Amino acid sequence: MGYNGNGELGDGTTTNRPVPVAVPGVSGVEAVAAGDSHSLALRSDGTVWAWGYNGSGQLGDGTTSQRPVPGAVPGVSGGVAVAAGSFHSLALRSDGTVWAWGDNYYSQLGEEDTTRWRTVPGVVPGLSGVVAVAAGSFHSLALRSDGTVWAWGANYYGQLGDGTTASRRPVPAVVQGLNGVVAVAAGDSHSLALRSDGTVWAWGHNGNGQLGDGTTGWRPVPGVVPGLSGVAAVAAGYAHSLALRSNGTVWAWGHNPYGQLGDGTMSDRLVPGEVPGVSGGVAVAAGDSHSLVVRSDGTLWAWGYNGSGQLGDGTTSQRPVPGAVPGVSGVEAVAAGDSHSLALRSDGTVWAWGHNGNGQLGDGTTSRRPVPGVVPGVSGGMAVAAGSFHSLALRSDGTVWAWGYNPYGQLGDGSTSDRLVPGVVPGVSGGVAVAAGDSHSLALRSDGTVWAWGNNSYGQLGDGTTSRRPVPVAVPGVSGVVAVAAGDSHSLALRSDGTVWAWGNNGSGQLGDGTTTRRTVPVAVPGLSGVVAVAAGSFHSLALRSDGTVWTWGYNSYGQLGDGTTSQRKVPGAVPGLSGVASVAADSFHSLVVRSDGTVWAWGNNSYGQLGDGTTSRRTVPGAVPGVSGGVAVAAGDSHSLMVRSDGTLWGWGDNGNGQIGDGGPTNYAHTPVLSLLY
1 MGYNGNGELG DGTTTNRPVP VAVPGVSGVE AVAAGDSHSL ALRSDGTVWA
51 WGYNGSGQLG DGTTSQRPVP GAVPGVSGGV AVAAGSFHSL ALRSDGTVWA
101 WGDNYYSQLG EEDTTRWRTV PGVVPGLSGV VAVAAGSFHS LALRSDGTVW
151 AWGANYYGQL GDGTTASRRP VPAVVQGLNG VVAVAAGDSH SLALRSDGTV
201 WAWGHNGNGQ LGDGTTGWRP VPGVVPGLSG VAAVAAGYAH SLALRSNGTV
251 WAWGHNPYGQ LGDGTMSDRL VPGEVPGVSG GVAVAAGDSH SLVVRSDGTL
301 WAWGYNGSGQ LGDGTTSQRP VPGAVPGVSG VEAVAAGDSH SLALRSDGTV
351 WAWGHNGNGQ LGDGTTSRRP VPGVVPGVSG GMAVAAGSFH SLALRSDGTV
401 WAWGYNPYGQ LGDGSTSDRL VPGVVPGVSG GVAVAAGDSH SLALRSDGTV
451 WAWGNNSYGQ LGDGTTSRRP VPVAVPGVSG VVAVAAGDSH SLALRSDGTV
501 WAWGNNGSGQ LGDGTTTRRT VPVAVPGLSG VVAVAAGSFH SLALRSDGTV
551 WTWGYNSYGQ LGDGTTSQRK VPGAVPGLSG VASVAADSFH SLVVRSDGTV
601 WAWGNNSYGQ LGDGTTSRRT VPGAVPGVSG GVAVAAGDSH SLMVRSDGTL
651 WGWGDNGNGQ IGDGGPTNYA HTPVLSLLY
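Its first residue numbered 1, the sequence shown is counted upward by one per residue in UniProt numbering.
Source of the hints: derived by calculation from the structure; they are not laboratory data. Any given hint could turn out to be false.
Stated by the list, open to error - Ranges of calculated distance between the beta carbons of each label pair, as one might list FRET restraints:
(1) Gly-180 to Ser-446: 54 to 60 Å
(2) Pro-24 to Pro-576: 48 to 54 Å
(3) Ala-173 to Asn-16: 37 to 43 Å
(4) Ser-65 to Asn-16: 19 to 25 Å
(5) Gly-627 to Thr-164: 27 to 33 Å
(6) Val-282 to Gly-55: 31 to 37 Å
(7) Pro-74 to Thr-265: 45 to 51 Å
(8) Ser-367 to Thr-615: 41 to 47 Å
(9) Ser-415 to Gly-580: 44 to 50 Å
(10) Gly-627 to Ser-546: 26 to 32 Å
(11) Asn-16 to Val-224: 39 to 45 Å
(12) Ser-317 to Gly-580: 32 to 38 Å
(13) Pro-24 to Gly-223: 24 to 30 Å
Keep in mind it's a predicted model, so treat the numbers as computed, not measured. Every residue, glycine too, gets a C-beta built ideally from N, C-alpha and C.
Produce the entire structure from the sequences given, and follow the hints as far as they go.
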């Protein structure tokens with residue numbers, strides 16, 4: 001993924017790729033390296049393959065012709081490692097020798113003659129017992145088995161670590177003051193070494209703080225990077241540095257104009273700082289101005305410059321915070337609140353993003369988050385639900401957890417205090433489903449009973465009163481329930497016999513009983529049978545029947561009933577023109593469905609583009625959301641929409657003022673679907 005003007009992606013074209021593509025013709029690859037405009041791969045059989053720009057002979061094939069597909073580098077066998085500088089290449093063989101080819105203007109190939117490049121590999125003299133190599137833009141490093149580091153090539157900034165700033169060194173020499181080294185990395189003009197004691201040492205250019213010592217002064221000999229311990233791996237970009245600690249966290253410092261430090265800013269950092277939102281790291285890499293980490297779950301995360309699509313997220317927008325590279329996903333369910341979003345992944349983790357003024361993201365803060373982050377303290381998740389400003393999660397042990405806004409007791413913990421982190425809802429066990437209204441909550445238990453808590457001004461708790469309940473109470477009069485839904489101030493229950501029951505606010509006919517009288521206990525919705533799913537908007541309701549038709553009733557000023565009018569309806573009516581529907585969702589004033597063919601259809605209010613059709617015009621009849629396919633689930637927030645695709649990726653559209661779409665911004669509105677940064 002990324003820039004491909006010279007064929008450096010190896011796919012046979014010179015077309016940039018903003019998402020990952022397979023490189024044809026190479027298999028059994030064990031290691032890779034990327035130069036300025038060329039790429040290298042080491043295969044398990046010890047052969048080295050190269051492709052891309054070749055003006056200095058950096059492909060090693062005896063020519064200077066660029067190659068858009070991989071080709072074997074002749075004369076190198078028994079390879080165990082590769083490295084790529086701007087215009088030169090290195091290979092380490094199993095016999096401990098280093099081979100080099102390409103540009104030699106700064107003697108980075110380890111030979112005196114700087115008037116020519118080398119188009120085929122040649123051995124670097126004076127080196128033996130080498131176990132690792134690294135290449136900066138115009139200098140080279142080798143780590144020997146005795147723990148010493150050797151360097152050669154350009155040295156204008158002291159990047160060779162010999163105590164001088166002589167312009168170049170044509171043959172390898174030992175880096176002063178280093179021993180016990182286990183890994184090396186090279187940036188444009190600075191170098192890093194990791195010692196066996198977990199400390200990191202740096203030398204060379206430091207104009208942007210890439211040496212991490214709190215200054216911007218160059219250093220011609222190695223010095224320890226303060227504040228780092230337990231480091232397991234290092235990487236160096238053009239002018240920034242990365243360290244992976246043994247606890248799986250990633251730390252970054254140096255140049256940051258494109259957000260390559262991942263801290264959400266564009267400001268340089270002179271000392272190491274932890275990259276937020278990344279855990280379980282097992283490997284790191286740094287490009288010119290972007291950064292990568294591989295996590296223990298096999299996902300790849302990227303941040304920084306993205307002008308050529310090198311972050312692999314399908315865009316060319318830079319990203320100052322980490323996001324997963326598409327291709328590894330696993331989203332199973334989503335929920336949308338007023339201005340925040342929730343996702344449940346297949347590993348049972350719950351992720352949240354968007355508005356957080358009341359702690360509804362559950363991360364212990366009230367800071368909004370434009371990219372998804374894991375909700376701590378919740379594992380084994382089975383379902384999620386989002387109220388206007390509070391969140392619910394159902395765990396596999398049948399417990400319900402809640403966090404966020406709580407003035408009406410909607411968190412069910414007996415208080416009216418907001419909660420910034422998840423807490424268990426007492427008195428509910430054996431849970432199988434949850435739903436959240438504006439300020440009330442519902443839980444369905446495995447015995448088919450429904451429990452409710454929170455605001456009850458309209459009888460939405462169904463207990464025969466209008467008294468709010470800060471702890472769960474059983475909803476009388478309904479049994480055998482298999483699904484629940486919650487609107488702004490009304491509730492729905494679907495029974496196993498296919499009937500729908502409703503209670504709470506009915507000012508717009510959202511209970512479907514032909515009246516506008518509120519109901520403090522459940523009543524059957526007449527005229528419906530064979531229902532398999534229900535959904536509730538703020539003041540309207542939806543039911544999906546087993547024949548694939550959708551039925552709606554209630555408030556309709558924005559056309560959210562989908563019948564071509566804006567007249568409210570007090571009894572259910574079929575939405576014309578819809579068939580083969582597999583799931584339904586609704587929020588404030590718009591409705592969504594997924595059809596069995598994977599298309600998503602939307603109607604109703606569209607002020608923020610929540611219908612995803614590229615306009616802000618309301619729609620009174622269903623229309624397909626263009627550009628999406630393979631849909632398996634949808635969720636509707638106050639003014640935004642979410643969709644899970646069959647590949648586990650998450651897409652969103654509509655209002656994004658609080659980052660609730662999860663694409664990292666900075667777009668305030670997305671009138672067509674965009675890919676979320678949760679994979």
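Hints, verified against the model:
At roughly 59 Å, the beta carbons of Gly-180 and Ser-446 sit within the given window of 54 to 60 Å. Checked against the hint of 48 to 54 Å, the pair Pro-24 and Pro-576 passes, with Cβ atoms roughly 49 Å apart. For the pair Ala-173 and Asn-16, the beta carbons lie near 40 Å from each other, so the given range of 37 to 43 Å is met. Distance hint for Ser-65 and Asn-16: a CB-CB separation of about 21 Å, consistent with the stated range 19 to 25 Å.
Checked against the given bound of 27 to 33 Å, the beta carbons of Gly-627 and Thr-164, roughly 58 Å apart, lie outside it. The supplied range of 31 to 37 Å is met by Val-282 and Gly-55, whose beta-carbon atoms lie about 36 Å from each other. Between Pro-74 and Thr-265 the C-beta distance comes to about 47 Å, which sits within the given range of 45 to 51 Å. At about 32 Å, the CB distance of Ser-367 to Thr-615 disagrees with the hint of 41 to 47 Å.
Between Ser-415 and Gly-580 the beta carbons are some 46 Å apart, a value that agrees with the proposed interval 44 to 50 Å. Hint check: Gly-627 to Ser-546, Cβ distance near 30 Å, so the stated range 26 to 32 Å holds. Take Asn-16 and Val-224: their Cβ atoms lie about 40 Å apart, and the range 39 to 45 Å holds. Hint check: Ser-317 to Gly-580, Cβ distance near 36 Å, so the stated range 32 to 38 Å holds.
Take Pro-24 and Gly-223: their Cβ atoms lie about 45 Å apart, and the range 24 to 30 Å is violated.
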